[in-house]
Amino acid sequence: MGRMPSPQISRSTIATCRCTRCSGIGISARSTAAPRRRRTPTGQIRALTSGIIPVSITTELRMASRTRPYEQFGPFILFKKLETDALSDLWRAGRIDGDKLAGLVALRRLTGGNREALAQNAAEAHNVAPLLTGTSFVKNQAIDVVESVPVIWHDYGGGRSLRHIVDRARGGSGVSPNPIPIDQAIVIAEKIALSLATTVELRYAGSRLSHGALIPQFVWISDDGEIRVAGQHLGKGMVASLKDAKVAAEIARYFSPECQSSGDAAKASDVYSMGAVFFLLTTGNEPPDAVAGSAFAQTIRASKTMTGQPIPDDIRTILEKSLALDPAARFASIGDLKQALSALAHGGKYSATTFNLAFYLSSLLKKEVEGEGIDREKESKLNLTPYFFSPVAAPTFAAVIQPQRKARLPLYIAAAVLVAAIGAGGVVMTMKSGATQTASAPAPAPIRPRPKIEPPPVLAASASATTTSAPAVDTAAEKKAFEDAVNQKLQEEMMKLQAQFNKNLQQQRAKNAPVATESIAAQVTPRSVRVAEDRAPSAAALDERRLASRPEPAAALPTVAITSTTTQPQVQAEQPPPAPVPAPVQVPTVREGDVVDFTDLDSAPRPLAPPRPIYPAMAMRQHIQATIFVTALVSENGDVIDVKVLQGDPRFGLNDAAVRAMRVTKFSVPMKDGKRVRTWFPQTINFRTGS
15 MGRMPSPQIS RSTIATCRCT RCSGIGISAR STAAPRRRRT PTGQIRALTS
65 GIIPVSITTE LRMASRTRPY EQFGPFILFK KLETDALSDL WRAGRIDGDK
115 LAGLVALRRL TGGNREALAQ NAAEAHNVAP LLTGTSFVKN QAIDVVESVP
165 VIWHDYGGGR SLRHIVDRAR GGSGVSPNPI PIDQAIVIAE KIALSLATTV
215 ELRYAGSRLS HGALIPQFVW ISDDGEIRVA GQHLGKGMVA SLKDAKVAAE
265 IARYFSPECQ SSGDAAKASD VYSMGAVFFL LTTGNEPPDA VAGSAFAQTI
315 RASKTMTGQP IPDDIRTILE KSLALDPAAR FASIGDLKQA LSALAHGGKY
365 SATTFNLAFY LSSLLKKEVE GEGIDREKES KLNLTPYFFS PVAAPTFAAV
415 IQPQRKARLP LYIAAAVLVA AIGAGGVVMT MKSGATQTAS APAPAPIRPR
465 PKIEPPPVLA ASASATTTSA PAVDTAAEKK AFEDAVNQKL QEEMMKLQAQ
515 FNKNLQQQRA KNAPVATESI AAQVTPRSVR VAEDRAPSAA ALDERRLASR
565 PEPAAALPTV AITSTTTQPQ VQAEQPPPAP VPAPVQVPTV REGDVVDFTD
615 LDSAPRPLAP PRPIYPAMAM RQHIQATIFV TALVSENGDV IDVKVLQGDP
665 RFGLNDAAVR AMRVTKFSVP MKDGKRVRTW FPQTINFRTG S
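Taking the numbering used here, the leading residue of the sequence shown gets 15, the next gets one more, and so forth.
These aren't lab readings, by the way, just hints derived from the structure by calculation. Here a beta-carbon is modelled for each residue, glycine too, at the ideal position from N, C-alpha and C. Warning: the hint list may mix true and false statements.
What the hints assert, rightly or not - Listed next, the in silico DSSO-like pairs over lysine-lysine satisfying Cα-Cα at most 30 Å (straight line):
no., residue 1, residue 2
1, Lys335, Lys95
2, Lys250, Lys260
3, Lys380, Lys395
4, Lys95, Lys257
5, Lys363, Lys94
Unchecked claim - Pair ranges (Cβ atoms, derived):
no., residue 1, residue 2, range
6, Asp169, Leu339, 16 to 24 Å
7, Asp498, Ser365, 40 to 48 Å
8, Gln514, Leu115, 19 to 27 Å
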């Protein structure tokens, strides 16, 4: 490594570690100039343990800070800030779990308002969050306090908050307006109301829950149009934060007048908040201030939609009733409001569908989604080691001090190693034994064997240069084995789904069978009637009576068999049993056009050409990949009569695309006993972007 540095240690070579992980170790930045006289190893160790940081550790700390391109907040790596306001900021973050990244989360830090009240409220909401499971709540929500900051986080799979979506729909700052259609506003409002109604049905500590803090920031809308709600049970902290003028300007209009005055969230308060959010969705403007009093209702009547059209009367009626200043004049419950919104969504007047909402969002957030794809690819390649870095100063010092108790020689050796790290070359040069030991057993020695793992690939590469066929065969075989394993797994899953489908068909036929057999049994010949009568309990009772009256029943039976001419009806009753059993079961003739299980076919149908599904444009833009399991009813001519989805993906019309592809697919003719038959044949349709 060249000449050793001077033993003089200046202030520029000593740094202070101010991170939270090192604060408890006792490392300081006390600068000390090395004395001219030589120190003993023991004295040198005491100087080290008293607070001087080795230069190598200082350099490692500096390098670690340089290799952290993203800020760290508690157990989270803050990748990108998605939005910010007076109350909070929202991040797309990675959650650290041990020595790995557990996954992406949407992390909202409540940095504004009454921090103390929010923290106390978050402690209560922390216990409520696990109860909120279902499609109307954000996935895996957690409410807690991190580094004295109340936080809400949940799984992130794309999407934005309602606050962000409305702001983008308004346009401005170089962004063209893209108003939310009234149909999609109804869809969003209905799903939010469903979440509130579901929350009311839950109980905690013996009482019913309520959201209590419904604001646009707590409504999450995914890229595929799913609407989920977060931030439940934070009403007290949010109301206390309204004393902050900036926070009040952001969210005060979403709290009912009685909730702002008392701080308690009631059923009528959630109704008011829901009406305020519906007003925002419909008009694109903030709801009117309740302080306006008489002008409040006039503001609602005079409002227009985001497209500048008058608000439809049925929507205005819901707004006026839910935003009534008098709690008694509002909807009696959030469930009643939800029913009113559902009547709008499904009444036929509006085309309110999740698919149309997803299509609108894809156009509204197109640039953001494309940019996020690039960012997430970069984030996936992040080196996480610097975020797990912890200084080794304390363990190093402990390792040096422990040998001192056992023997002097290891102490001198360890002291020489540390002095060399600091730059005390004089001490190292005077201790020959220490120098030889450090030269023979440096710290990197045990780490050297690890690079030896890399030579095998180099040797393999050189071997491939001479004999390229062997490595190529191995890699091809490995790839083929992997593909075969995947195909086998898909085949097993497809067969399992098809078996369940066939079972359901049989059950459906069994439901219809009793009706048909009863109608036929009423018109059958007396032979079948006699068979049924033989099994009837009344006939058995008569036989018992006859046996009881006759002392020798065994002798009577043969006489009946012998005198068959006199008991001709009984002979006829004995002959039928062999006939009906084999006839229907043993001789089931297959007719052309019958439906036969494809596993029983002599010749199963095969597609004459592989299905060619048309990739939905929106799914392709979103890089959505899926495997759709379908089953097709192949006719005796090889045409597809019907298609059923066994297991699919409802997003962006992937299921419909798979069904359309199967309907135009031509198959070979299924055969059974030389007859053309029909069969339900399973098939997989793959949608892959190729990236």
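Results of checking the hints against the structure:
Our distance criterion of 30 Å between C-alpha atoms is broken by Lys335 and Lys95, whose separation comes to about 37 Å. Of the pairs offered as hints, the one joining Lys250 and Lys260 holds, with about 18 Å between alpha carbons and a cut-off of 30 Å not exceeded. At roughly 24 Å between alpha-carbon atoms, Lys380 and Lys395 fall within 30 Å of each other, so this suggested pair holds. Distance hint between Lys95 and Lys257 is fulfilled; the C-alpha atoms sit about 26 Å from each other, no more than 30 Å.
For the suggested pair Lys363 and Lys94, the alpha carbons sit about 41 Å apart, so the restraint of at most 30 Å is broken. The hint said 16 to 24 Å for the Cβ distance between Asp169 and Leu339, and at roughly 38 Å that hint is violated. In this structure the supplied range 40 to 48 Å holds for Asp498 paired with Ser365, their Cβ-Cβ distance being about 46 Å. Separated by about 37 Å at the C-beta atoms, Gln514 and Leu115 break the suggested range of 19 to 27 Å.
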